[in-house]
Structures are given as C-alpha cells and as structure tokens.
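Asks: Both chains come to you apart, so use the hints to assemble them.
If you read the protein sequences in the order shown, they are chains A and B.
Using the numbering used here, read the first sequence as starting at 265 and increasing by one per residue.
Using the numbering used here, read the second sequence as starting at 13 and increasing by one per residue.
Hints were generated in silico from the structure; no laboratory data involved.
Do not take every clue at face value.
[Said to hold, decoys possible] Derived pair list, reagent style PhoX-like, types lysine-lysine, alpha-carbon separation capped at 25 Å:
#1 B/LYS93 to B/LYS79
#2 B/LYS89 to A/LYS396
#3 B/LYS53 to A/LYS396
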Amino acid sequence: MDQIVSQFLLKSLHIILDSRIPSLYPNDRGGYAVSASCAKKSDKWFNLALGDRPAALDNLNFWHRNLMDPMIIDIILVHEGPNSSSVDNLYTSTSTKAMVETVIERWSVHYECPRVTPNMNDSSAHKKIYKKLIVLLRSLYCQMRFLPAYRIFRQLNSSSQTYNFDIIYKVSSFGDPFSRTEEAMMQDYTFSPVEASSGRLCVSVTYHKTLSDFNLVPAGSLFPRIITDYVGSPTTKPLRSFPSSGKVVEATSSPLRGARPPSSSPFQRPHSWTSGFHRGAPFAQASPPVYHMYRSPSPPSDFYGQWGPYSRSVSQRAVSCDDYQLSPPFSPSPNHSYSHSPSPSPSPPAHISGCNTSQHRGRSGTSPMNIPHVVAAGNSRYSSPNLSDPNRQHSLPPPSPLNSRLDPSSQDSPSRIRSYRKSESQRSAELHFGVANHYTGHKLLRDGRDDSGRFSGLLSSSGSPKIGFSRSSSRLSLQDDSDDCEFSCPFDVDDVDSSASLARNNLDSRRSSEQSSATMGAKSQDAAVGVLVHMLRNAPPLRQDPSCYSSPSLNMELGAGVTASSGFFLPRKTSDALEELRSYREMKNLLLSKSGACLSKEEA
Amino acid sequence: MNCEVCHLKDLEVEHYEIREVLRCILHTIIFHRALGLVRPKEIDLELFEITYVQCGDLKVEKKIDEKIEQLIGWVEKHPNKKSQICLSFYEVKNKQASWFTNKIERLYWEHWYVNLNVVQQPKTAYARSHSSKDIVDSENALEERSIRRACLETSLREVLFQIIRFVNDKKDHVPPIPNREGAISFPYEITIPSSSDSAFGMDMIKRMLQTGHPTMLS
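The following block holds chain B by itself, in its conformation from the complex (with noise of 0.2 Å):
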C-alpha cells in the first residue's frame, strides 16, 4: 500500500484566524476519513461565511483543539515564520514478537500538509490616536484587513475543494475499514513538524514509547 501525500495551499492568517481556520481544515479531512458511522454536525464559521462538517466525535474534536492550542503556542514563539501542521492516518501493524520488545509499527498511507503563514497585523491599526492622520491610517489597515479576510475566505474554500478532490480522486489507497464502533475507522495523529526541529530527541524518545503501545491514537 503506498502512502498519498497532499500539500494543501498555503494560507495567510493572523494570529485570531488560525484556529478557525485550523480546525476547519482539520475537520474536513478527517469527516473524509472517519468512515464509521457518523452524524454529520455542521459548524459555521465565526470569520468567514463557510461551513464545514465535523464528524461528531468529542474525542476527535478535543484531539484537535489541543493540537491547534500547541500549534498556536509555537507561532507564538517563533513569529514571522511559515508553520505547519500535519495530520496522518496510518495502520497498526504488529510485528513479530521479539526477546525484548513487543513492536508495534505504524504504516502511514496518507498525510495532509496544512501550511499557514502567519502575518503580524502592523501597530498601527491599532492605534488610539485622534489625530486625522492616525484615522486615516487605521481605516487604511482596516480595510486591508477586510480584503486579506475576503482573500483568506476566497483561499479557504479553495483548499477545502482540493482536500475534496483529493479525497475523490485518490481512493484506492484507503484501507479496508475495519469492524469497529464509532465514527473513526483509522487511528490518526496530528503532528506540528516544525516544532519538533529543537525537540528531535523528544520526537524519536516519544515515537519510541509510543510504538511500544498498541493505541490507536496518539
């Protein structure tokens, strides 16, 4: 089985836009890959006039926020620089037993790139100032404002049509679903690369135990 990689568009937010965009984003794929039985909840979007479909699940929706929450966490920390988020669907293959460790690997056949640049919205739309000049400016920024966010919304529909026409075009690649109760079908983890460049021993020390149990998420 191969592993179907998708990069989405890369978006520009600011810093208040992300979680709606995120958990958008995020929503939509995995409402593509719970494959059990689900009850679709529609959630409309505070920013933008989109709506999207989560899955129901709470304990996907948690798993999301949180994610979303270290995410923003490390944007926080690391301005000015692109950020990306990734979420992988993989199987859980056990392997052969050996003296020392029970191993569990994990094979992943899909990952989602979700790529935001977050921008700095500049000082001076915020300005209190009474002066004409300030006024001025500041109904300048807003109205910069108001067309990224009518550009934002225009690039948000567009990735969420190119998750949906990756979801269709590539199928063949999605394995069985297995008898199992709940909207989730495959085990999933949403991962922030970008983080775990200063943390490569904490990444490998945590994929290492994570092998070592057989959970379905991470």
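So here's chain A without its partners, still in its complex pose (with noise of 0.2 Å):
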C-alpha cells in the first residue's frame, strides 16, 4: 500500500506540474526516445503514460519521506505588479520593475488519517484501491485542463510569443494561509477522496476562479517594430527559431546578462521544495545543464532531425541556452527580467524565468532554425528583430574552408558550379547583408520555392548573402544546384547507392568541415551557417540528373528541379537518412557552439 500511495503522489505530481510549468523538461522530451525500460515501467502506474518524468520529481522522493505528510503544490504566476504600466515598462529598467507572485492554485494530496489494519495486505482490496485511484488519476489529468490555469499554461507553452508572465511552482508540506481578499477570489474543489484500509488518499485544489485581473499579455505586445530587412514569410518557412544568434538578442537589451551567473539553468524552474531547497535546487544542478547546452552536442540532437513537425521543447531547448542570458530581442524593457524582491533568492531565478520567457519565443512548432535574417515584429516568434548588420554577418559562416575541403569528394560535372559557389560564398562571408540582398533573397526565396520548394533561385549570379536565407517550406526542397558539385544529392536517380556513399562521404566531410571550423573567429558563425545551408540545399531528393548542375541560370536549375522533383522519390535508406540526421545534428551542435562562442566573446 505505501508504494501505490508514494506512487501516487508522484504521479499526481508529475499530471499538475505537466499542465501548469512550460519549463518542466530540461531536454527535449521526446518520449519515450531515450528513457531507459524503468522509466517505462514508471510512466505505466495507473495505467496512465505521461512520458519521462522530468527531474523535479527526483526532488520529491528525495523529500517527501514521510507519506502522511501532505503535499501541496503551488502553481505561482509571477507577472507584474498592479502599478507598472505598459508605458513605465518602457522607460523603466528592468532591475527596478516589481514582478509579482500570486498564487493560482493550490493542489492538496494527501494520505490522510494512516492506520494499521489487519488486512494491509489483502490484494484484492488493494485492486480496488487501485482501480479507484486510476479514475481518481484520469479525473485530474481531465481537471487540469478544466481550469483557468490551464489557458495561460498553454499560452506560455505557444511557439509564437513571448508573455510578461510566468508560472513556477512550489512543492511543500504546508501552504501559507491565504488572505481574505485571495480567498474570496479563489474557489475550491475536492475529489472524492479514495477510502484505504489504512486511510484515506485526498486530492483537492483551491484555484482562482478567473484569470483575467492579471495582465497577462503577450511581452512584444506594446512594442511594434518595423523589421526594416524582413526576408521571407515566418508562416510558411520552417527553418525559424535557432538560437545560434544569440549575439542578436544581444543587441537588444539584456539587462539580466550582466546580473546573471552563467551557471544559471535556463531550466531549473525554481523548485520552491520548502524543505529547505527553496530555491536552491536550481543552483545545485544549475551548471551542468548550460554548459551542457553550450557545448555538447547531444542536446540539440534532434534539431536537424526534424525539420517540419518539429517538436516545441526541442526547439525550446535549443534557444534557451541563448536566449536565457538575454532578454527577448524584441522587448526593449524585458518583463522577465523578475526582481524577485519578495524572495531572499538572488538572480538567476529571476533569468530562469526571464529565460524561460524569452525561450517561449524560440519555440517552433516547425524547425529550430533560426537563420537570422528572418527577423519579425513584436509578436512574431523569430529571434530578433533588432538584428543588424553586423549581427547577421556573424550568422553566417565563411564557407570557403568547407567548400575547400568539400572539392575532393565533388563530381566532375558540377566542377564549374563548385568554382562557382565558392566565390560566391566567400563573398557572401565578407559582405555585410544589406536591406536589398535580404528582398532579393526573399524574392528568389519565393521562386525556389514556387518550384516544389527548392531554392535553386537562390543560387543565381548576385553571389549576395541571401545564401543564407535558404529556407524552404520544406526541409526536402532545399536544394542549391551549385552546391550539388560538393554534394551529390543522396536520391539521385542515376546513382542511389553511390550516392547514398557518397552522400555519407560527403556528409562526413561536412561533418569534419564543420568540426574544424568550430575552432575559427567571427567568421565560423557565417562558415557554420553556410554548411548548414549547403547541407539543407542538397538534403532534399529532388535532382535525378546531375548533369542539371551544369547550368548556373535560375531558370535551368528551376527546370530542372521540377523535372526532377517529379521522378524524385526514389526508395531512401535508413542509413542515409540517420546520416543525415546525424549532418544536421553536427551542424546544429557547431552553430551552437559557435553563438555560444560568440556571445561570449562579444560579452567580453
């Protein structure tokens, strides 16, 4: 019986803070894609799969050892006070901004009233118990989203804005008495409690009947901007959202950066474990996480994985490690920058928080990059509209070392194009991207893409850093024809199995390309993003003829490309896509790498 009732605790845990906190999983919660046969076993408790535990709920069993002890979980909305103004957020820096914490709701769970029995071990009173417990369960899972709490959860977990709120939460044994005034404004509601031999398990909340006294608004809101080099449509590319740039956020405004301890974890939510890690949890297990995002590899794992579908949290993570150092780019005054004033706690809880705001932004729905020159307006979910020149310039990597070092494995044929592409790569390094190359990119953006999405436009003679923007509506589509004499498409037609070798030798040598640029300046940022681009340009299946490189002229590459997307979709294997998935998660791993470099140079 203790065990289903620990059980219980944990799983009733892991339904409110599942539903309440945007920033719950430090990693990309793919399921159940890494989680070893015992977190399977766990999740099946009650018959209800959640997916991986995330790590606060390690805290409780840590903790809660007594189980007669309640547990009480507070969801906290931290927003701004009563008297700040959306005009004062303007002119008032963040550090004297007062962000407020106010309790939304209070679950209660409890194992009342324990005694001994003589038939504690009666196994099919225990079925009972049990079977009432997975309906009291599915009850709650169903209740949480009942509530009012729930619409702003989902509004913090949306990919497309930021907020000037947040939600943390507290776990404790005891929760501070509410005053008359949040009383009279809050409602209770108790479940039918699940009667034991041996007590009694309750579960109850007291929540605010309404949430609309709060001013929960989106953060950029108030702020429009005129993105003065806006390229492409953000609603039709999936390519959105990488962190790489983290310099760009830069430029805006960061008051937390200075403030803020890098070894602050963008995701350690504040556990409010009252007892006594209020708070503190986050900074024992603060560093590794940065660092880990920093610099390893593994966590962006799966950016270059999934293009399209692309899951929240990834892209989420992704950013995060940027951005949490930063305000969001578009928010002159950032709201997350929370004083905390009414905590003992320094900092970094704050940037947590103002992180997992600013990290709101970065989540995609679709893709994780964020080529930075897709710049939105306040409410638009792109990195930065405050990207300048300089800014950008850094975002993309010199691709002359790749290029060179690509031109052993290229065919002959495309040789022309390879000469071709590599001065104009190198160009498109050294030039500062200007408002004109940005509309001709976006321009031939939309005629690559009105061919069956491929970006063979982009490769025509002006040689402009609209390179960069190679994005596509589709992962696939990508394709930059000139590109294709360092890499043979890994659908040809004419060749699949020695394009399949040679599209892994080439992944291979983009790979060790991108290992060894990650070790260069400011300019591995462009070298980085060129490789990234060159990789999207020949992912896609659909050139059948190689012999379609030796045209430069868009409108050749554009036939070509519509001849060939439509014998395309040769039978891929396995091998050749984890290859390339493996590509883009070595991309993805040097471009973080690279604006983590960057952003620490530039703060330097």
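Replies: Here it is, written out as structure tokens:
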C-alpha cells in the first residue's frame, strides 16, 4: 500500500506539473525515445502514460519521505505588479520593475489518517483501491485542463509569442494561508477521497476562478517594430528560431545578462521545495545543463532531424540556452527580468524566469533553425527583430574552408558550379547583409519555393549573402544546384547506391569540416551557417540528373528541379536518413557552439 | 452490482456545434472509463476554449464519430426535437448454454444520457440584403449568437465538471479491470434512444443478434 501511495503522489505531481509548468523538461521530451525501460515501467503506473518524468520529481523522492505529510503544490503566477503600466515598461529599467508572485492554484494531495489494519496485505482490496486511484487520476488529468490556469499555461507553451508572465511552482508540506481577498477570488474543489483500509487519499484544489484580473499579455505586443530587413514569410518557413544568433538578442538589451551568473540553468525552475530547498535546487543543478547546451553536441541532437513537424520542446531547449542570458530581442524592457524582490533568492531565478519567457519565443512548432535574417515583428516568434547587419554577419559562416574541404569529394560535372559557388560563398562571408540583399533573397526564395520548394534560384549570380536565407517550406525541398558540386544529392536516381555512399562521404566531410570550422573565430559563424545551408540545399531529393548542375542559370535550375522532383521519390535507405540526421545534428551543434562562443566573445 | 445512471445537463446547441460538443462529452466519459493503459491525447475544441482528453484509441474515436453522424442525421430529420445520446457500459455474462442458443447477456452497470436541444438559427442572420435594417438585424443576430455561444461554453464546462463529479463520487459500481490489452477495459455502446422509437422492431432484432455474438463492442 505504501508503494501505491508513493507512486500516486508521484503521478499526481507529474500530472500537475506537466499541465502547468512550461519549462519542466530540460531536454527534449521525446516521449520514450531515450528513456530506459525502467522509466517506461514507472510511467505505466495507474495505466496513465505521461512520458518521461521530469527531473523535479526525483526531488520528491528525496524530500517527501513521510507519506503522511500532505503534498501541497502551489502554482504561482509571476506577473507584473499592479502598479506597473505598459508605458512604464518602456522607460523603467528592468531592475526596478516589480514582479509579483500570486498563487493561482494550490493542489493538495494527502494520505490522511493512516492506520494499521489487519488486512493490510489484502490484494483484492489493493486492486480495488488501485482501480479507484486510476479513476481519480483520470479525473485529475481532465480537471487540469478544465481550470483557468491551463489556458495561460498553453499561452506560455505556444511557440509564437513571449509573455510578460511566467508560471513557477512550489512543492511543500504546508501552504501559507491565503489572505481574505485571495480567498474571495478563489474556489475550492475536492475530489472524492479514495478510502483505503489504512487511510484515505484526498486530492483537492483551490484555484482562482478567473485570471482575467492579471495583466497577462504578450511581451512584445506593446512594442511594435519595423523590421527593415525582413525576409520571407515566417508562416511558411520551417527553419526558424535557431538560437545560434545569440548576439542578436544581445543587441537589444540584456539587463539580465550582467547580473546573471553563467551557472544558472534556464531549465530549472525555482523548485520551492520547502524542506529547505526553496530555490536552492536550481543552483545545485544549475551549471551542467547550461554548459551542456553550450558545449555538448547532444542536446540539440534532434534539431536537424526534424524540420517540419518540429517538436516544440526541442527548439525551446535549443533557444533557451542562448536566450537565457538575454531578454527577448523585441522587448526593450524585458518583463521577465523579475526582481523577485520578495524572495530571498538572488538573481538567477529571475533570469531563469526570464529565460523561460524568452525561450517561448524560440518555441517553434516547425523548426529549430533561426536563420537570423528572418526577423520578426514584436509578436512574431522569430528570435530577433533587432538584427543589425553586424549581427547578421556573424551568423553566416565563411564557406571557404568548407568548400575547399569538400572539393575532393565533388563530382566532375559540377566542377564549374563548385568554383562558382566557392567564390560566391566567400563573398557572402565578407559582405554585410543589406536590405536589398535580403529582399532579393526573399524574392528568390519565393521563386525557388514555387518550384516545389527548391531554392536553386538562390544560386543566381548575385553572389549575395542571401544564400544564408535558404529557407524553404520544406526541408526536403532545399536545394542548391551549385552546391551539388560538393555534395551529390543522396537521392540521385542515376546512381542510388553510390550516391548514398557519396552522400555519406559528403556528410562525413561536412561533419569534419564543421568540426574544424568550430575552431574559427567570428567568421566561423558564417561558415557554420553556410555549411548548414549547403547541407539543407543538398538534402532534398529533387534532382535525378547530376547534369542539371551544369547550368547556373535560374531557369535551368528551376526546370531541372521541376523535372527532378517529378521523378524524385526514390526509396531512401534508413542509413542515409540517419546519416543526414547526424549531419544536421552536427551542424546544429556547431552553430550552437559558435553562437555560444560568439556570445561569450562579445560579452568579453 | 447496481447500474448507475447519469443524466447530464441539457445543452442548447446549434447544428454545427453538435459534433464538437458530443465529441468532447463522449470522449471525456470514455477517458474515465478506459482504465487500461492510455496515452492521453489532448484535443482543443475549435468553437470553444476548452481542451478535452481522449484515450487515444482510434477505434473509439471512429465509433464515436459514427454515432455522432447518426445523431446528426436523426436531428436533420426531426428538427426542433430534443435529441439524446446514451453511452452505456456493460459486462458480458455467459449464461448457461441451452439447447438452442448460447446466450450471452449484457449487464449494464452505467448509463450516461447526453441531452441536446438543437436550435435552428433564424434565417435573418444570414440575410445578404444591404438595407440598414437588415444589417442591424444581422448584427443583432450575430451578437445573440455570440452570447449564446458563450452560454453554451459555460454549460459545456458545467457538464464536464458534472462528469468528473459523477465519476469520482461513484466508483464502487465499476467492475474490476479485466486483464486485457488496450485502453478500453470495459465494453460499451452508444445508442440514440430517440431514434429507436420508430424502429422498435429493428432494435429488438439488433439486440437479439448482438446477444448471439460475444463481441465486446456493438
């Protein structure tokens, strides 16, 4: 029975936090992808599979040793105080802005009045209790979605906006009593307790009847900006929200940056475990995740693997590392630099909060990539409307090292294109990206996109930095004809087997080139992005005939692309896809590391 | 074992809202009764700011949609009539095999009645005339519709809370969970009682056929 009770506590905590705390999972919550079999087993408790347990729940085992203690979970809304106005936000520094914490829900899970009875080991009784607890947890799961707080949780989880509020939680064995005014605004609901021979399990909630009294608005909604170098339509491009352009965010303002210790984790919410771990836990666990994000290649491992239906959490994770030190770029007075004045904790939690809101911006439902040129308006989900040319330049890698390295593996026929591309890429690395370039790129983007999404048009002779804009409505449709001199299309009809191996070679060489370019300085950012662009352009299986590479002209490329796309769809080996995925991962890691390096470099 | 019956609060819906409202209610009930291993699936309603949970079983989804379509067909044939859909859970009991039949009896242990009043929107709301009076009328109609929609959303929330309350208050009548794979642990059926008034004979024949087959689902 004790095991049932403790698992019930864990499960209920999992359900509650899962439905209220946007930043619960520090890593990509890919379902059961990386969980061990033991995690799966624990997920099957009460026949309710919720996915991997967040790390926070591990604290519960450590903390909640006494099953008789009630588990009080406070869902706290961190929002602007009533005296701050939108106008004030523009002019007051973040350090003086008051953020207020309000408990909007208090969940109580309590194993009451436990007593020893002679039939403690009655298995049929346990089965009945277990069945009732299953039903209770189903109701809890549904109820979480019916209460008002769920809507704002969904708002925070949405990929398109950042908001001037955040949700944190606190788990304790007691709850501070509410004031009269607070009580007047709240309502109670108690689930029917489940009677056990040794006690009874009760779940109840006190919640705010309405959250409309709080000024919960999108963070950027008050600050319209004119994007002078807007390229492409965000709604049609899957490649978004790539966190590499950390300095982009930096340009706007980052009052959090200076105050924030680098060891704070963007993912660790201030777990207010009242056994003494109140806000202490995040510090203890702070540094590994952050540096992990910055340095290790593994966290963004799924980045390149999923362009289209990209999981929100992955992009969120990838973004947050870069963003956590920085306010959302289009929020000049970031609301998430919470002062946490009532709290004894120092700045990191505030920055964590800020990070979490800022990373909402990066939560793209479609793509992890934020090719920084595609800037957004205040409400857009792109990372920065404040991209200035110097910033953008950093985001394009100098392609020359990559090109030179890849030359040996290129085919003969596209050799002309190869040299053409090389010079073009070099020029792109050196140029500032002006508005005209972006518009041209955008225009060519559209042309390319019309042609089943291929970007061969981008390769036209302008040699402009818009190569960096190679976004497409479909990952598979990105193609750069001139790049095929360096990477043969893995899906060539003419030579499927050899193209697969060649693609592998290309991917390997790309990977090695990426790794070596990781050691470069500011220009390496451009190199990394250029490499990524190359990869993206070569990935899609549109071209069958390598001879179509021979002409650099837009029309020919488009035509070839059309004919290629019609006969394109060859069976592709899983190994090819895996290789491609790996290469994307490498690229993403490289870009992330670059952005981290550049960010630290700029900070210095 | 007793049979518990729950009559959910009446809902006034327009024709185009029937599908969403019924899906929400039926899936919520089944989610509470699908006590096998489930991976919950959240669905946002399009017409209302409500998120409900499905058990994730595609067969269930398909069956619910079929029954909803059946009800919609009935509603179209019987406008301005109260419609009702019944979700029942039962146990299958094997009776003693007799000389002629091997009867399998259904023991119902729970009935849920969803009551809908389908209102017909007055035609003036869709008037395309450009006269100022008609425009005002259609504006008023739109405003009435939005008020009605808000009321329906509130009522739907109350119905969902009603389901949760009922499910939690009454747990003793739920049979033991059988050892079966899949989310659905108890057989269920969805019927449209009002539609059987004119097809009593067919209903009886249907039941006789059903009791002859040890199928879990109708």
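Asks: Against the structure shown, which of the earlier numbered hints fail to hold, in ascending order?
Replies: 2
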